[in-house]
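Just need the whole structure built from these sequences, with the hints factored in.
Given next are the chains, with one letter for each unit.
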Amino acid sequence: MQHGRYRFIVGFLVAPLALYAVFVIWPFIQAIYYSFTDWTGLSPDFKMVGFGNYTRMLKDDIFWKSLQHSVILVLVLPLVTLSLALFFAFMLNVGGRRRKNAAVSGVRGSGFYKIAYFFPQVLSIVIVALLFQFAYNPRSGMLNSALKGIGLGSVQPDWLGDPSLALICVMVVLVWSTVGFFVVLFSAGMASIPKDFYEAALLDGASRVTTFFKITVPLLWDTIQSGWVYMGILALGVEAFTAVQVMTVGPGGPDYSTSILPLYVYQTAFRDGQAGYATTIGVGLLIVTMAFAAVVMRLGRRERLEF
Amino acid sequence: MKATETPPVVTVKEPAPVSEAPAPGGKEKGSEGKTLNVFSHGVLIIWAILVVLPLLWAIMSSFKSDDSILSTPWALPDKLHFDNWSRAWSQAHMSDYFFNTIIVVGGSLIGTLLLGSMAAYVLARFDFPGNRFIYYLFIGGMSFPIILALVPLFFVMNNMGLLNTRHGLIMVYIAYSLPFTVFFLTSFFRTLPGSVAEAAMIDGASHTRTFFQVMLPMAKPGLISVGIFNFLGQWNQYMLPTVLNTDPKYRVLSQGLVELANSQGYKGDWSGLFAGLVMAMLPVLAAYIIFQRQVVAGLTAGAVK
Numbered sequence: 001m002q003h004g005r006y007r008f009i010v011g012f013l014v015a016p017l018a019l020y021a022v023f024v025i026w027p028f029i030q031a032i033y034y035s036f037t038d039w040t041g042l043s044p045d046f047k048m049v050g051f052g053n054y055t056r057m058l059k060d061d062i063f064w065k066s067l068q069h070s071v072i073l074v075l076v077l078p079l080v081t082l083s084l085a086l087f088f089a090f091m092l093n094v095g096g097r098r099r100k101n102a103a104v105s106g107v108r109g110s111g112f113y114k115i116a117y118f119f120p121q122v123l124s125i126v127i128v129a130l131l132f133q134f135a136y137n138p139r140s141g142m143l144n145s146a147l148k149g150i151g152l153g154s155v156q157p158d159w160l161g162d163p164s165l166a167l168i169c170v171m172v173v174l175v176w177s178t179v180g181f182f183v184v185l186f187s188a189g190m191a192s193i194p195k196d197f198y199e200a201a202l203l204d205g206a207s208r209v210t211t212f213f214k215i216t217v218p219l220l221w222d223t224i225q226s227g228w229v230y231m232g233i234l235a236l237g238v239e240a241f242t243a244v245q246v247m248t249v250g251p252g253g254p255d256y257s258t259s260i261l262p263l264y265v266y267q268t269a270f271r272d273g274q275a276g277y278a279t280t281i282g283v284g285l286l287i288v289t290m291a292f293a294a295v296v297m298r299l300g301r302r303e304r305l306e307f
Numbered sequence: 001m002k003a004t005e006t007p008p009v010v011t012v013k014e015p016a017p018v019s020e021a022p023a024p025g026g027k028e029k030g031s032e033g034k035t036l037n038v039f040s041h042g043v044l045i046i047w048a049i050l051v052v053l054p055l056l057w058a059i060m061s062s063f064k065s066d067d068s069i070l071s072t073p074w075a076l077p078d079k080l081h082f083d084n085w086s087r088a089w090s091q092a093h094m095s096d097y098f099f100n101t102i103i104v105v106g107g108s109l110i111g112t113l114l115l116g117s118m119a120a121y122v123l124a125r126f127d128f129p130g131n132r133f134i135y136y137l138f139i140g141g142m143s144f145p146i147i148l149a150l151v152p153l154f155f156v157m158n159n160m161g162l163l164n165t166r167h168g169l170i171m172v173y174i175a176y177s178l179p180f181t182v183f184f185l186t187s188f189f190r191t192l193p194g195s196v197a198e199a200a201m202i203d204g205a206s207h208t209r210t211f212f213q214v215m216l217p218m219a220k221p222g223l224i225s226v227g228i229f230n231f232l233g234q235w236n237q238y239m240l241p242t243v244l245n246t247d248p249k250y251r252v253l254s255q256g257l258v259e260l261a262n263s264q265g266y267k268g269d270w271s272g273l274f275a276g277l278v279m280a281m282l283p284v285l286a287a288y289i290i291f292q293r294q295v296v297a298g299l300t301a302g303a304v305k
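Going line by line, the protein sequences match chains A and B.
Read left to right, the first sequence gives residues 1 to 307 (the UniProt record's numbering).
Read left to right, the second sequence gives residues 1 to 305 (the UniProt record's numbering).
I should point out that these hints are in silico values taken from the structure, not numbers from a laboratory.
This structure is a prediction, so every number in the text was calculated from the model and none was measured.
Glycine is no exception: its CB is placed at the ideal position from the N, C-alpha and C atoms.
Keep in mind that the hints are not guaranteed to be accurate.
Said to hold, decoys possible - Just a few of them, taken from the derived set where beta-carbon distance is under 10 Å, the chain B residues facing chain A:
1. LEU50
2. TYR121
3. LEU137
4. LEU257
5. MET281
Said to hold, decoys possible - Facing chain B, according to a computed beta carbon distance under 10 Å, are these residues of chain A, among others:
6. GLY4
7. PHE87
8. PHE134
9. GLY276
Following this line, the structure appears as structure tokens:
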């Protein structure tokens, strides 16, 4: 029996572990090793350069520019997305009052709003990016012709082509596509807050703004915090990369105005043929990601509220 | 949320039913409530329009001629140009991209669910040396940037002769979907009652047989949730195929759309591109509307309370 048991355990683990080790763990370990080499990625020859890539990275203007954009993204995106989502979720779940005799309820039509808001979440970020690339098109896009339509024909920004606007345009798209997910997530969290808390607050004459800040936000803090980590990883990872890569000219925007760390890793490796240096920047990205998570966890640490 | 990213870790929590109890006394507090109501309703409606409008605009544009897309972007189509759709489907190879995506996603979805549930079952229900280590090895994968592993992964694939093949892509999709799948299903298998499995064992079923005939059917709700999650993530995958699959023959949908956007940009065939975009949007749109509850539950399952 014992023998059969171990054979079963090994048999069930061997295939998943093998795939995972070969395609995920091993490349990850290799990446750190390659970051100390001058490997081009094209030829099999390379030599160790110690910290050469790292000192080069610290003197690389484009690296600093990309890092700066990534940091902006990681600070602004979670703030905007989560605030909007919290506001919407609050309105949809406890914002309405005195309906159906319930002390606490959402505004009318909240079911429809939740379904509609969530929809962009199921769309591929590529589809979303292409759609908005059109909307932003300076000559025939949805935005500029709408501006023309309301008599603002003289205001025709070159959205994605304008170095000072391009990054903001990309951020708007990422917010657009993720808010709905958090509306639904926060709604589920709010539904689990006992109704008597709100009823008691109402009896004491609290306004909705007060109940929002004194009841909803503190009791949802754990969910907000994990949402924050998730948004940050999205801002430093694949989704932001895809949006920038697909939407902005270059890609990377005019004068690297939308370049972000993952995009710079990708370009250095696959466009410039500097695989060793690219993995060095990748390690930089890893450090930024981990620092971000650590900061959020640290700042987010509060007394856990039990209810 | 794409399958290869770190999803928020939350426990599923069914929304509590709205209390139907009569409100405690006290009158509506006059104007504060009313102005705030108008304001909040206004904001909710505006956001709903902002979400729906670009999608309607895309659908509308896919039926227009190129001229009217450029000259009157907001106008309704003069007549329905179905030729955009047929052009995108056959000439722009959307049919091939669909075919590739279905093969790759179908293969990796089955593989992910099978391998993921096997590993999760063993990790959840058997005590053996190294159990914790293997579990955390899988879970750790949720939190690291894929882009860092991408360059070495390219060469691993190259050495194994898996670049530009559909089965290579399938294996990579499975590998990068395992962390979340194992994480989710491990906690799911822990919640299932052990007595049924024990009864099966006493009746003489082997471990393998118990797993496939007793435990797997019981785990169906969990498999559906995690299956929807992985389906959307793998269907929408862009970065992995872009790097690992450069042969035009094997392009998947997201790659194909970007390619279409680049090439149609030169040809000026905007209507064809819109038709392609809407075509790619329709399957998930339909799936979302039909399985709305399950999709939302599947995607938000997990976030920590």
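Worksheet entry | Closest C-beta approach of LEU50/B to chain A relative to 10 Å, hint status | 7 Å, holds
Worksheet item: With 10 Å as the cut and Cβ atoms as the points, is PHE87/A at the interface with chain B?
Response: Interface hint status for PHE87/A: holds (8 Å vs cutoff 10 Å).
Worksheet item: Do the numbers back the hint for GLY276/A, that is, is its least Cβ distance to chain B under 10 Å?
Response: 9 Å, holds
Discussion item. Just to be careful: measuring from the Cβ of LEU257/B to every Cβ in chain A, is the smallest value less than 10 Å?
Written reply: 6 Å, holds
Worksheet entry | Proposed interface contact between PHE134/A and chain B, which counts if any beta carbon pair is under 10 Å | 8 Å, holds
Worksheet entry | When the least beta-carbon distance from GLY4/A to chain B is tested against 10 Å, hint result | Holds. Min distance 7 Å.
Discussion item. Given a cut of 10 Å on the nearest C-beta pair, is the interface hint for MET281/B held or broken against chain A?
Written reply: 6 Å, holds
Worksheet item: Would the hint on TYR121/B stand, with a C-beta cut-off of 10 Å toward chain A?
Response: Holds, about 7 Å.
Discussion item. Take the shortest C-beta to C-beta distance between LEU137/B and chain A; is it under 10 Å?
Written reply: 7 Å, holds
Going down the numbered hints, you'll see the structure goes against none, and every one checks out.
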